[in-house]
Amino acid sequence: METILTERSPLGMHESMLLTRAYEEKLAALFAAGNFPMTCSSQGQEASAVGVVRALGPDDQILTNHRSAGHLIARGADPGRMIAEVMGKATGYCGGKSGTLHISVKELGVMLTSTIVGGELSLATGVALSKKMLKQPGIVACFFGDGAACEGIFHESLNLASVWNLPILYVCENNQWQAFVHRRETMVADHLSPRAASYGIASTTVDGNDANAVLKSALAAVEQIRQTGQPYLLETYTYRQKGHISFDDQAHVDPSELAHWLTLDPITRMERHLREIAGFTTGELAALRTKAQERIDAALEFARQSPYPDPSALTTDVYA
Amino acid sequence: MPHITVEQAIGQALIEEMQHDPRVLIFGEGVATTQPHLVQQFGAERVRNTPLAEAIIAGTAVGAAATGLRPVIDMLFAPFLAYAMDAIVNSAGKLRYMSGGQFAFPLVVLAKTGAGWGVGAQHTHNLEAWFVHSPGLKVVMPSTAADFKGLLKSAIRDDNPVLFFNDMTLGHHAGEVEEGEAALVPLGKAVVARPGRDVTLVSYAKGMHACWQAAEMLAAQHIEAELIDLRTLKPLDEETVLASVRKTGRLVVVHEAGPLCGVGSEIAALVAEKAFSALKTPIRRVTSPDVPTPSSHALEQAFLPQAPTVVATVRSLLD
Ligand SMILES: Cc1ncc(C[n+]2csc(CCOP(=O)(O)OP(=O)(O)O)c2C)c(N)n1
Ligand SMILES: [Mg+2]
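First to last, the sequence lines map onto chains A and B.
For the first sequence, the numbering used here gives the first residue as 1, with consecutive numbering after it.
For the second sequence, the numbering used here gives the first residue as 1, with consecutive numbering after it.
Excised from the complex, chain A in its bound form (with noise of 0.2 Å):
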């Protein structure tokens, strides 16, 4: 049994991106050791994450990309089912069927994480359609990348969301990089967001690093789409710490540009948060970031000891 976490406040947000955080370096740490599978590390993203999903309730549905760890997370995923996907395991999300790509959970509303770059954005108006035909409460939030930006299906979706007027929360994680291309190569602004103003959608532009600020912003954009039944793009400005993808050795990448990015790392930010608006002491917050990574061992030894699938799962789950 799922249960779909709502809690907003700033502890809560906290504990899920610390969660998230540990999740990702535990997963770094066992493909250096070897013989574990790839992954795309949101090191770095989790305020982006973290501050969108909570924004959202128990009826909307998300669709997102292969940098989803931290979404599933804050939306309540058990980091253990998570990391049996990636193992292959059968008590993965999935079965063992979708790998570290391409989780998706019916019960927290996470119908989608694609990794054709863009699907999440040709299948989120779809899904917004069953909401608003089928009368169903609820909202679709789709997050997807500067990259997924730059494919044609960013414009059919929103052009199409605009004219149907379809209840989507657009979350565009700008995290500068587009697997090994830097986005300066791609685009020609900065911003994603004044690109929502030529389909009649508004946008806005939030600091991604800040789970208050994203929080903030996501609630705005929310309400807005809930009250009007249109679509809304929020544009988080953020960065991905990591590589692309695991063996992503980031030797392209400026260093001043990553030191400058660590600087503004959402983990901290929050952590200075706490200490100085609601006064927890280092102590704490040590105690915190103990609390994340012994649930992410528990959750590693749950996946290790979960069994393979029988080969018998390979022709099942084909059809309907």
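Some clues are possibly wrong.
Stated by the list, open to error - The calculated DSS-like cross-link candidates involving lysine-lysine, where the alpha carbons are at most 27 Å apart (straight line), are:
(1) Lys-106(A) - Lys-26(A)
(2) Lys-274(B) - Lys-247(B)
(3) Lys-106(A) - Lys-94(B)
(4) Lys-247(B) - Lys-189(B)
(5) Lys-94(B) - Lys-132(A)
(6) Lys-106(A) - Lys-135(A)
Said to hold, decoys possible - Here are some chain B residues pointing at chain A (derived, C-beta under 10 Å):
(7) Ile-57
(8) Val-62
(9) Gly-63
(10) Ala-87
(11) Met-98
(12) Ser-99
(13) Pro-106
(14) His-133
(15) Gly-136
(16) Asp-158
(17) Arg-246
Bear in mind the hints are in silico, worked out from the structure with no lab data behind them.
Given the structure is predicted, the values throughout are model-derived calculations rather than measurements.
Cβ coordinates follow ideal geometry from the N, Cα and C atoms, glycine included.
Given the coordinates of chain A, assemble chain B with the ligands onto it according to the supplied hints.
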């Protein structure tokens, strides 16, 4: 039983299924404009025009299917499907499996195909094999008015993504067609369209019409051809094909699509693997050549498999 055309059969199937299930909706470029009676009967919500954007038309159908609707999308001409391949192949066909069975994708993709209109290769391309090759999809390609109606109704009721190819040159072809539930034709079942003992002709869509003609010409020469209409290309009704070949010992596959890695190659492989000992002669295929569909009427007719070629191919096996 009413005698109606293929076009009317398709129209009836849509109306009956939209009446049958309120979750069925149809959208595409100009769908609402060209079918005002559907808008009148079912409302503008369920019958929608779309922007000229095949990728998002298909993607929207996939997302809607996963979450409770049962979309039918009209993609117009089959070559336009190239813009929609990602949603159909990577999403509709794969995401049930990739999600470990969490989602189903009940949707129908309509596309016109078939040479004979002189509109050239960017409007005419028999690309059904692309989809037969893609896991998770079903592919339907009927030849008679009754099958157009019955298979479209079944496709709309099926819980999986179905590609429904409509050979546009068959639009005015007419036949006896049932109404309501009696009209249903199951997916995945071929039919013996004409019994015969000497040779098995396997075909579908317009190819069937060339085979009918060929069978009559052969009958005049005292050669009895058995005609198998596949109707559904995926899932393929292997048993009906194999049973016929085991009886006749000879196989000619006829289709309008090109020969390379086509449905005919698959049928040939199937028979070679499972009924080789029944074969008295080599398997033969009659297809279009591996060229884009030409526009000129003269070239287009040369492109299409014609009855005399089918007859000559059968004769070459018997003589
Ligand atoms: C259609 C498609 N093209 C290329 C790729 C290879 N690829 C995977 S992720 C990625 C970069 C995507 O960049 P962006 O959308 O900014 O997301 P990010 O990885 O930065 O989160 C690329 C090119 C792919 N998976 N799908
Ligand atoms: Mg990016």
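(message) Hint validation: Met-98(B) versus chain A, beta carbon distance must be below 10 Å. Holds or violated?
(response) holds (5 Å)
(message) Just to be careful: measuring from the Cβ of Ser-99(B) to every Cβ in chain A, is the smallest value less than 10 Å?
(response) Since chain A brings a Cβ to about 5 Å from Ser-99(B), closer than 10 Å, the hint holds.
(request) Answer holds if the nearest beta-carbon of chain A is closer than 10 Å to that of Ala-87(B); otherwise answer violated. (result) holds (5 Å)
(message) Can you confirm whether the C-alpha distance between Lys-94(B) and Lys-132(A) stays at or below 27 Å?
(response) The hint holds at about 25 Å.
(message) Tell me if the straight-line CA distance from Lys-274(B) to Lys-247(B) falls inside 27 Å.
(response) Holds: Lys-274(B) and Lys-247(B) sit about 14 Å apart, inside 27 Å.
(request) Tell me if Gly-136(B) is really an interface residue toward chain A, meaning its C-beta lies closer than 10 Å to one of theirs. (result) Since chain A brings a Cβ to about 6 Å from Gly-136(B), closer than 10 Å, the hint holds.
(message) Let's test the interface hint: is any C-beta of chain A closer than 10 Å to that of His-133(B)?
(response) It is violated, given that the least Cβ distance between His-133(B) and chain A is near 14 Å, above 10 Å.
(request) Answer holds if the nearest beta-carbon of chain A is closer than 10 Å to that of Asp-158(B); otherwise answer violated. (result) holds (8 Å)
(message) Please check whether Pro-106(B) passes as an interface residue: C-beta within 10 Å of a C-beta belonging to chain A.
(response) holds (7 Å)
(message) Let's test the interface hint: is any C-beta of chain A closer than 10 Å to that of Gly-63(B)?
(response) holds (2 Å)
(message) Please check whether Arg-246(B) passes as an interface residue: C-beta within 10 Å of a C-beta belonging to chain A.
(response) Where the cut-off is 10 Å and the nearest Cβ of chain A is about 27 Å from Arg-246(B), the hint is violated.
(request) Take the C-alpha atoms of Lys-247(B) and Lys-189(B), compute the straight-line distance between them, and say whether it is at most 27 Å. (result) Since the Cα atoms of Lys-247(B) and Lys-189(B) sit roughly 19 Å apart, the hinted pair holds (cutoff 27 Å).
Violated hints, in rising order: 14 and 17; the structure is consistent with all others.
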